[in-house]
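These are the residues of each chain, in order.
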Amino acid sequence: MIAVFNTSSLCDWAKLMGDTPWPLLPVANRPLLDYWLETCGHLGIETVHLVLGEDAKQIEDFAGSGKRWNLTIQYTFARPSERMVDYLKSISNHWQNGLFYIGGPFFMRRRQDFISAGFQALEACRHDFEGEPLFLYGTSATEVKDLLEGTSGESCGLEQVHVHPLVIGGIEAYYALNMKMASGECSRYVTAGFSGSDGSSIGYNVQTPPSSHLQPPILVGDDCHFGAMTTIGPHAVVAKHVIVDSYSELTECLILADTYIGRNLEIRKKIVSGNRLIDPFDGTVVEIDDSWLVARNRPEMRSEDFMRYVILWFVALALALIQVVPYLIFSPLILVTKIAGFTRVQFHDPRTGYITLPVFHKRSNRKSMIYRLFIGLSLDRFPLVLQVLRGKIFLCGQPPMQHPQDDGIIKQLPRYYPGVFCYRDYNRDSDMLVDALWYAHARSLFEDIKILIKAVVSRFISAGRQ
Amino acid sequence: MLVNCSKQNGVGVVLVSKALTAATVDSFRSQLSSWQEAEREVKNFVVDLKQVDFMDSAGLGSLIAVLKRISERGGDMKIANLQKKPRMVFEITRAYKVFEIYETVEDAIRAFD
Chain A
29 MIAVFNTSSL
39 CDWAKLMGDT
49 PWPLLPVANR
59 PLLDYWLETC
69 GHLGIETVHL
79 VLGEDAKQIE
89 DFAGSGKRWN
99 LTIQYTFARP
109 SERMVDYLKS
119 ISNHWQNGLF
129 YIGGPFFMRR
139 RQDFISAGFQ
149 ALEACRHDFE
159 GEPLFLYGTS
169 ATEVKDLLEG
179 TSGESCGLEQ
189 VHVHPLVIGG
199 IEAYYALNMK
209 MASGECSRYV
219 TAGFSGSDGS
229 SIGYNVQTPP
239 SSHLQPPILV
249 GDDCHFGAMT
259 TIGPHAVVAK
269 HVIVDSYSEL
279 TECLILADTY
289 IGRNLEIRKK
299 IVSGNRLIDP
309 FDGTVVEIDD
319 SWLVARNRPE
329 MRSEDFMRYV
339 ILWFVALALA
349 LIQVVPYLIF
359 SPLILVTKIA
369 GFTRVQFHDP
379 RTGYITLPVF
389 HKRSNRKSMI
399 YRLFIGLSLD
409 RFPLVLQVLR
419 GKIFLCGQPP
429 MQHPQDDGII
439 KQLPRYYPGV
449 FCYRDYNRDS
459 DMLVDALWYA
469 HARSLFEDIK
479 ILIKAVVSRF
489 ISAGRQ
Chain B
-5 MLVNCSKQNG
5 VGVVLVSKAL
15 TAATVDSFRS
25 QLSSWQEAER
35 EVKNFVVDLK
45 QVDFMDSAGL
55 GSLIAVLKRI
65 SERGGDMKIA
75 NLQKKPRMVF
85 EITRAYKVFE
95 IYETVEDAIR
105 AFD
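The listed protein sequences correspond, in order, to chains A and B. For the first sequence, the residue numbers in my numbering are 29 to 494. For the second sequence, the residue numbers in my numbering are -5 to 107.
Think of the hints as simulated: they come from the structure by calculation, not from any bench. Using N, Cα and C, we set each Cβ at its ideal position, and we do this for glycine too. Among the hints, a few may not be true.
[Stated by the list, open to error] Computed list of lysine to aspartate or glutamate pairs in EDC-like fashion (alpha-carbon distance at most 16 Å, straight line): (1) B/Lys79 - A/Asp226; (2) A/Lys297 - B/Glu97; (3) B/Lys1 - B/Glu35; (4) A/Lys297 - A/Asp310; (5) B/Lys78 - A/Asp377; (6) B/Lys79 - A/Glu171; (7) A/Lys117 - A/Glu171; (8) B/Lys78 - A/Asp310; (9) A/Lys439 - A/Asp377; (10) B/Lys44 - B/Glu97; (11) A/Lys439 - A/Asp250; (12) B/Lys79 - A/Asp250; (13) B/Lys79 - A/Asp377; (14) B/Lys91 - A/Glu171; (15) B/Lys79 - B/Asp107.
[As the list claims (entries may be wrong)] Pulled a few chain A residues facing chain B out of the computed Cβ check, cut under 7 Å: (16) Leu305; (17) Leu349; (18) Gln351; (19) Leu414; (20) Asp463.
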């Protein structure tokens, strides 16, 4: 049996939420396509044909070779002039042992009695939407042929295996589905033992100050950052890379990935996708992009980034001129005492892929005044400051990511600004990924100067404890 | 003109004719202030947002500043004809708790009685 998923069909309501192709729109923080591919495993399918449309790249980037689901995914492009039924007929040699087809925003909503093994008992069935087949399932060539001709498939369909065939026909249905998932249905889609008894789930790298208030049931994705006095839930679905500022309250809402929610806001019965505020009940969309309200948390700021880079280059020059004499004095002493030294380590580089940078390491465990002064005056960063002057790295930014240790983190960073000084220079407990995401959002000349001053002062004060 | 002011039953009716954003708040403030200076006896105001289809935090901030100034002079300010998109901004910022919002200008004027 093979599976064919048509991701090329048009879905106007999904466009309201931004650039994410509809097959990748999250349902309880998992792309719709992910559920389909997972179902292939339950059906014993090994080969999937993904029919691509204009959002081909994003879908291909997500699904890849299919290895993650133990599948082999083959890609094909939809021909605008060809109906999907005709396409399916044209590949009849592939479905001689059966076909599992989904052709639009369709969700197999599991009822309470659903069990994965139940799929084995599923009989040939077809579910249509606006006259076109949206779901087909047949286990033999004859069954599939009859389904395509429309001469069979009148059985109770997916309901037979306790699956409600839900066509996501609009933004309201999409919102309602997410709210149902958040209110407890989500646990039907995860392996037993991984579901919270209160129907909640929370991802990795989520930063919540003690005063944040999480009210289950909620679904929170990875790498989220909630400010103090924030209330999340009940029935809130918060996707990955979302930042919520202090005093805000999120209930009965769906927050899609890469969204920034400003301070003291109340998001209730709304969808927020980046800078878009959407009323799911009438489809009204407001594009705001105001960091006091809602905004994308990864804005394009090329001209600002360039200006910031130029100004900080001169700051780095000034810093290098201040440091050069102390460095020339202390560096030979450090080498002679053999207490510490520079080693060359490979880091990720945003332009060339990899870059080798000198990293200062302590080699001996004994106490040394020279070492303390060297660190306290940030002279260990002097070679890196010279790299800033050469245009290789930034003066302030995200912590440089080592290769291969930090490969997992770098994949999650669409923007990478390796800097000499970063948040962790004055906040040792900080998480590298969350810091990197926060910097990508908050980067500005003011933020860089703040990091520089705090890092230099903090390093000077704490050097006595080395 | 961004702001068109008139007097109805002793209440100042301020018709705003464009989106209230960071780009327009300065002219909104200055035009309204000029009219307030000229019509010093007017204490109460209705801001008619019939033609305002978008508002950002700066626009909202300017409305709050105007409300504060009017309150300091012993008057009150109400909002009328709030459109769907600015209404969503009012909802998320809890501004609906700060302002009295009416469906029409007439309703807002009647509320002063």
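Results for each hint:
1. A threshold of 16 Å between alpha carbons decides the hint, and for lysine 79 of chain B with aspartate 226 of chain A the separation of about 35 Å lies outside it, so the pair is violated.
2. Taking the CA atoms of lysine 297 of chain A and glutamate 97 of chain B, the gap is near 22 Å; set against the 16 Å cutoff, the hint is violated.
3. Simply put, lysine 1 of chain B and glutamate 35 of chain B have alpha-carbon atoms about 11 Å apart, close enough for the 16 Å limit, and the pair holds.
4. Restraint check for lysine 297 of chain A and aspartate 310 of chain A: the C-alpha separation of about 12 Å stays at or below 16 Å, so the hint holds.
5. In summary, the hint linking lysine 78 of chain B to aspartate 377 of chain A is not supported, as the alpha carbons are separated by about 46 Å, beyond the 16 Å threshold.
6. Proposed proximity of lysine 79 of chain B and glutamate 171 of chain A is contradicted: the alpha carbons are some 51 Å apart, above 16 Å.
7. For the hint linking lysine 117 of chain A to glutamate 171 of chain A, the alpha-carbon distance of about 13 Å falls within 16 Å, and the restraint holds.
8. Under the criterion of a C-alpha separation no larger than 16 Å, the hint pairing lysine 78 of chain B with aspartate 310 of chain A is consistent with the structure, at around 10 Å.
9. Only pairs whose Cα atoms come within 16 Å are accepted, and lysine 439 of chain A paired with aspartate 377 of chain A is accepted, the gap being roughly 13 Å.
10. Restraint check: the Cα-Cα separation between lysine 44 of chain B and glutamate 97 of chain B comes to about 10 Å, which is no more than 16 Å; the hinted pair holds.
11. A C-alpha spacing of about 14 Å is found between lysine 439 of chain A and aspartate 250 of chain A, which places the hinted pair at or below 16 Å, so the restraint holds.
12. Annotation: proposed proximity of lysine 79 of chain B to aspartate 250 of chain A is violated, straight-line Cα distance about 30 Å (limit 16 Å).
13. About 43 Å separates the Cα atoms of lysine 79 of chain B and aspartate 377 of chain A, which puts this hinted pair outside 16 Å; it is violated.
14. For the given pair, lysine 91 of chain B sits about 61 Å from glutamate 171 of chain A by alpha-carbon distance, which is inconsistent with the 16 Å threshold.
15. For the hint linking lysine 79 of chain B to aspartate 107 of chain B, the alpha-carbon distance of about 29 Å lies beyond 16 Å, and the restraint is violated.
16. Given hint, leucine 305 of chain A at the interface with chain B, holds; its Cβ is 6 Å from that chain's nearest Cβ, closer than 7 Å.
17. The criterion of a C-beta within 7 Å of any C-beta in chain B is not met by leucine 349 of chain A, whose closest approach is roughly 39 Å, and the hint is violated.
18. With 7 Å as the threshold, the beta carbon of glutamine 351 of chain A stays out of range of chain B, its nearest partner Cβ sitting at about 41 Å, so the hint is violated.
19. This hint is violated: leucine 414 of chain A has a C-beta 41 Å from the nearest C-beta of chain B, more than the 7 Å allowed.
20. The beta carbon of aspartate 463 of chain A comes no nearer than 26 Å to any beta carbon in chain B, farther than 7 Å, and the hint placing it at the interface is violated.
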